[in-house]
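In terms of the working numbering, the sequence shown opens at residue 6 and continues consecutively.
The hints are simulated quantities; they were obtained by calculation from the structure and are not laboratory data. Just so you know, these numbers come straight off a predicted model, no measurement behind them. Mixed in with the good hints, there may be bad ones.
The list that follows gives simulated cross-link-like pairs (lysine to any residue, SDA-like), each with its CA atoms no further than 25 Å apart [said to hold, decoys possible]: (1) 41 - 170; (2) 233 - 123; (3) 123 - 66; (4) 135 - 125; (5) 154 - 48; (6) 42 - 125; (7) 154 - 108; (8) 27 - 230; (9) 154 - 33; (10) 77 - 173; (11) 93 - 134; (12) 77 - 210.
Pairwise CB distance ranges (calculated) [what the hints assert, rightly or not]: (13) 27 - 84: 41 to 47 Å; (14) 114 - 42: 30 to 36 Å; (15) 93 - 215: 32 to 38 Å; (16) 199 - 92: 22 to 28 Å; (17) 134 - 197: 44 to 50 Å; (18) 135 - 197: 40 to 46 Å; (19) 199 - 77: 16 to 22 Å; (20) 90 - 33: 40 to 46 Å; (21) 204 - 63: 23 to 29 Å; (22) 218 - 42: 35 to 41 Å.
All C-beta atoms in this analysis are idealised placements derived from N, C-alpha and C, irrespective of residue type, glycine included.
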Amino acid sequence: MKKFVLFFIALFFVGVSFAQEKKLNVEEKKDGTEEKKSENVEAAKVAQNLANYGYANKNALSILSAAEILAKTALSEINPDKVENGKKVDESTKMKKTADALNPLSLIADARKMTNDKHLLAIADNVEKKIKKSSSSRGAAGGAKAGYKTVAGYSYVYYWVTFYGGSLAEVAVVGDGDTDLDLYIYDENGNLIVRDTSYGDNCYTSWRPNWTGSFKIKVRNRGSLYNKFFIATN
6 MKKFVLFFIA LFFVGVSFAQ EKKLNVEEKK DGTEEKKSEN VEAAKVAQNL ANYGYANKNA
66 LSILSAAEIL AKTALSEINP DKVENGKKVD ESTKMKKTAD ALNPLSLIAD ARKMTNDKHL
126 LAIADNVEKK IKKSSSSRGA AGGAKAGYKT VAGYSYVYYW VTFYGGSLAE VAVVGDGDTD
186 LDLYIYDENG NLIVRDTSYG DNCYTSWRPN WTGSFKIKVR NRGSLYNKFF IATN
């Protein structure tokens, strides 16, 4: 009888442990509450879209506008816990210029090559001064983390990133415009937390973790060409 009781006690604790392991690391969203989003993540996303448009259309003003936004944005390079690639990428299949939002000075240099307009060149000089003046504050604590990654056609990339419990977590992705990208977020237990599967390669997700933990950020490429995307997290 004693062994029988001990067996059921052990079974109970195994069940409790299993339930805890599978618990979703996300707070339930309260109706009517508006989350305050990171201005840095949104600014980085807007800047990348402007720069992409500028390169695609040889529009120096768009590229300079992107550089000016970045001059005011605290942005540092993302440092994921781990990155996994689905397939190897052959970047020789297309020779498209990709905007580098992590290096606004390179954006200005490219913008200058696109125009002889004195007004635009004056804007370039002014923005360059702003960037150099604010360089000491870029990447400050609390700023957005950002980077670039290339995902092969019909493949995926995984990022493992740690987010703090009780704080809003955000992930934004901006592709190079050639394919449809989808964004999925999983917690350390493999639970799907949130996703953005809208058509196009601009994706955004946000959630609030219950506890500090590692999350898997999955970017899936639905197209046949590779896509070099920009990713930003808060």
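- prompt: Out of the numbered hints, which ones does the structure contradict?
  reply: The structure breaks hints 2, 6, 8, 9, 11, 13, 19, 20 and 22; every other hint is satisfied.
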